[in-house]
Amino acid sequence: MTGRRRRTARLHELPKVWLRHQAQNALAALGRLLRTPLPTLMTVAMLGVAIALPGGLFVVTINIKALAVGWERDAALSVFLVPSVVEADAERLAARLRERRDVAEVRVIGRDEALAEFRAYSGLEDVLAGLPGNPLPVVLSIVPPPAAGDAAALEGLAAALERLPETDLVRHDADWVHRFQALVELAQRGVSILASVLGLALLLIVGNTIRLEIENRRDEIRIQELVGATNAFIRRPFVYAGLWYGLLGGLVACLLVIVGLLLIQAPVSRVASLYQADFPLIGLSLPVLAAMLGIGTLLGYLGSWLAVSWHLRASKPE
Amino acid sequence: MIRFEHVTKRYPARGDALRDVNFALAPGEMVFLTGHSGAGKSTVLKLIGLLERPTRGQIRVAGRDLARLPARRIPYHRREVGMVFQDHRLLVDRTVLDNVSLPLVAAGLGPEEVARRARAALKQVGLLRHEAACPVALSSGEQQRVGIARAIVGRPPLLLADEPTGNLDPDLSWEIMDLFARFNQVGVTLLIATHDIALIRSLPYRTLTLSDGRLVSDAPPRRRR
Numbered sequence: 650m651t652g653r654r655r656r657t658a659r660l661h662e663l664p665k666v667w668l669r670h671q672a673q674n675a676l677a678a679l680g681r682l683l684r685t686p687l688p689t690l691m692t693v694a695m696l697g698v699a700i701a702l703p704g705g706l707f708v709v710t711i712n713i714k715a716l717a718v719g720w721e722r723d724a725a726l727s728v729f730l731v732p733s734v735v736e737a738d739a740e741r742l743a744a745r746l747r748e749r750r751d752v753a754e755v756r757v758i759g760r761d762e763a764l765a766e767f768r769a770y771s772g773l774e775d776v777l778a779g780l781p782g783n784p785l786p787v788v789l790s791i792v793p794p795p796a797a798g799d800a801a802a803l804e805g806l807a808a809a810l811e812r813l814p815e816t817d818l819v820r821h822d823a824d825w826v827h828r829f830q831a832l833v834e835l836a837q838r839g840v841s842i843l844a845s846v847l848g849l850a851l852l853l854i855v856g857n858t859i860r861l862e863i864e865n866r867r868d869e870i871r872i873q874e875l876v877g878a879t880n881a882f883i884r885r886p887f888v889y890a891g892l893w894y895g896l897l898g899g900l901v902a903c904l905l906v907i908v909g910l911l912l913i914q915a916p917v918s919r920v921a922s923l924y925q926a927d928f929p930l931i932g933l934s935l936p937v938l939a940a941m942l943g944i945g946t947l948l949g950y951l952g953s954w955l956a957v958s959w960h961l962r963a964s965k966p967e
Numbered sequence: 007m008i009r010f011e012h013v014t015k016r017y018p019a020r021g022d023a024l025r026d027v028n029f030a031l032a033p034g035e036m037v038f039l040t041g042h043s044g045a046g047k048s049t050v051l052k053l054i055g056l057l058e059r060p061t062r063g064q065i066r067v068a069g070r071d072l073a074r075l076p077a078r079r080i081p082y083h084r085r086e087v088g089m090v091f092q093d094h095r096l097l098v099d100r101t102v103l104d105n106v107s108l109p110l111v112a113a114g115l116g117p118e119e120v121a122r123r124a125r126a127a128l129k130q131v132g133l134l135r136h137e138a139a140c141p142v143a144l145s146s147g148e149q150q151r152v153g154i155a156r157a158i159v160g161r162p163p164l165l166l167a168d169e170p171t172g173n174l175d176p177d178l179s180w181e182i183m184d185l186f187a188r189f190n191q192v193g194v195t196l197l198i199a200t201h202d203i204a205l206i207r208s209l210p211y212r213t214l215t216l217s218d219g220r221l222v223s224d225a226p227p228r229r230r231r
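First to last, the sequence lines map onto chains A and B. My numbering applies: residue 650 is where the first sequence begins, and numbers increase by one. My numbering applies: residue 7 is where the second sequence begins, and numbers increase by one.
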């Protein structure tokens, strides 16, 4: 074979050789991790906890948010009518209001019904018995349609109801839900900050683990440098080790979150049943699962890449 | 092949390791570099292999100005400079064949070509039968020959050897020098750092002598008797 032919053949082989080299390095890195199971397990567990904590909290906030959305959807507007309005007038007003497009349902709560409810739930039976008459007004409980459930539409409806001559006071039951949602959003922001801090910690854990690995293989790296290995060649096995650490850490994190959700599923159902509600927990969705695995892998890669690059930069001739 | 022009190398802690050194090696030459311990022999080799850069002066190897060679080109320079060390610097947890293959694997050659050329290099140093052994199972002389096979497997035009016979008895030293002479006969340029005066005197090659970082003598090759 002539020199030119041999060179051309080599050029054609390059991608295949490169891919084979990548695969060999990936498998060799995994093999090295498996040969030292205890240290590997400890590092992977540390990474798993670091990823699981923000991941789990994220899933919890998603569940709380879903709960709050349900509460908001069920929240009604309570219209307290002036004392002079009797039940018959209230029924006529209710019929008028049912014709509005931004009203789905109107229930008239008569004075006697309201008093009976108040007596049952307040525990103030003796005090109420001492009153000369029924002090409670007729109340309209108005449920807006689900499609018109945004804040602006509800405010518009509340303002219209307040303008009615029969109205004494309008109370929106969703106000506290909005305050609760604001708190959940604050918690979500906190989870993001925690995730960033733990991401940095993960980077440091992988970086330090790889740094120790580099120390153990310092002679080998030196020899590779002497025989003309490029930085990419030297970096490759360490970067794959970082990738494996990150991926395995992500898997452990997913398992921890899934087990955690399974553990709280029954108590949550019990609490929900006490409130005559059905609340199925939202588990790890595919995008969240992929994000946890992907972020773990990416941070593992970055941590190891930084550690090796740091070492290689320090070993270059001055 | 190699040209040193007013080369000085200063280490912050140790001071000048080389002072205004000038010499040139033509392609195909075989030259001894000698001097007492700390005279600067290893520094000369480190500068040529780009393990260090000169503080002042110019070093050209195969036409390349090493002071200006970007860091990313250093691996490619080292592939053209085979290096042999007194302590062999072998990977003890790999086989002899793996050790010799390393420069070719690092250069991105395919496995078949790597195996063929590594075995050819081992055959040249007479160690083909030990290809599956680990270096620790070999004698010091055999380990040195593995180091030499690794240095020549990439067919570099220049071979540097730092005290290659330092740990060997006289018979083994002769074996190693015989190997070097054979490589030189096929055109490889060799620069061998050694303080083994007896070895130098018994061989007819050109000899550069360093003392306290200065080149104090450049003895031309002697005629074979």
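Some hints here could point you the wrong way.
[Stated by the list, open to error] Derived pair list, reagent style DMTMM-like, types lysine to aspartate or glutamate, alpha-carbon separation capped at 25 Å:
(1) B:LYS52 <-> A:GLU804
(2) B:LYS52 <-> B:ASP26
(3) B:LYS129 <-> B:ASP224
(4) A:LYS665 <-> B:ASP202
(5) B:LYS129 <-> B:GLU118
(6) B:LYS52 <-> B:ASP224
(7) B:LYS52 <-> A:GLU864
(8) B:LYS129 <-> B:ASP99
(9) B:LYS129 <-> B:ASP177
(10) A:LYS714 <-> A:ASP817
(11) B:LYS52 <-> B:GLU137
(12) B:LYS52 <-> B:ASP218
(13) B:LYS129 <-> B:ASP71
(14) B:LYS52 <-> B:GLU86
(15) A:LYS665 <-> B:ASP104
(16) A:LYS665 <-> B:GLU119
(17) B:LYS52 <-> B:GLU35
(18) B:LYS52 <-> A:ASP868
Bear in mind the hints are in silico, worked out from the structure with no lab data behind them. Every value quoted in this text rests on a predicted model; they were computed, and no experiment measured them.
Given hint ASP224 of chain B paired with LYS52 of chain B - CA-CA distance at most 25 Å: The hint holds at about 20 Å.
Can the restraint linking LYS129 of chain B and GLU118 of chain B be considered satisfied, given a maximum Cα separation of 25 Å? Satisfied, since the Cα-Cα distance of roughly 17 Å is no more than 25 Å.
Given the hinted pair LYS52 of chain B and GLU35 of chain B, is their Cα-Cα distance within 25 Å? Status holds; Cα separation ~19 Å.
Against the 25 Å threshold, does the CA-CA distance of LYS665 of chain A and ASP202 of chain B hold or violate the hint? It is violated: about 48 Å lies between the C-alpha atoms, which goes past 25 Å.
Going straight from one Cα to the other, do LYS129 of chain B and ASP71 of chain B come out at no more than 25 Å? violated, 35 Å
What's the verdict on LYS52 of chain B and GLU137 of chain B, does the C-alpha distance respect the 25 Å limit or exceed it? violated, 29 Å
Straight-line Cα separation of LYS129 of chain B and ASP224 of chain B no greater than 25 Å? Distance of about 35 Å is beyond 25 Å: violated.
Is it true that the CA of LYS52 of chain B sits at most 25 Å from the CA of ASP868 of chain A? Holds: LYS52 of chain B and ASP868 of chain A sit about 17 Å apart, inside 25 Å.
Given the hinted pair LYS52 of chain B and GLU804 of chain A, is their alpha-carbon gap at most 25 Å? violated, 80 Å
Is the hinted pair LYS665 of chain A and GLU119 of chain B satisfied, with a Cα-Cα distance of at most 25 Å? Roughly 14 Å separates the two Cα atoms, so the pair holds.
Against the 25 Å threshold, does the CA-CA distance of LYS129 of chain B and ASP177 of chain B hold or violate the hint? Distance ~20 Å between LYS129 of chain B and ASP177 of chain B Cα, so the pair holds.
For LYS52 of chain B and GLU864 of chain A, compute the direct alpha-carbon distance and say whether it is at most 25 Å. holds, 23 Å
The structure shown violates the earlier hints numbered 1, 3, 4, 10, 11, 13.
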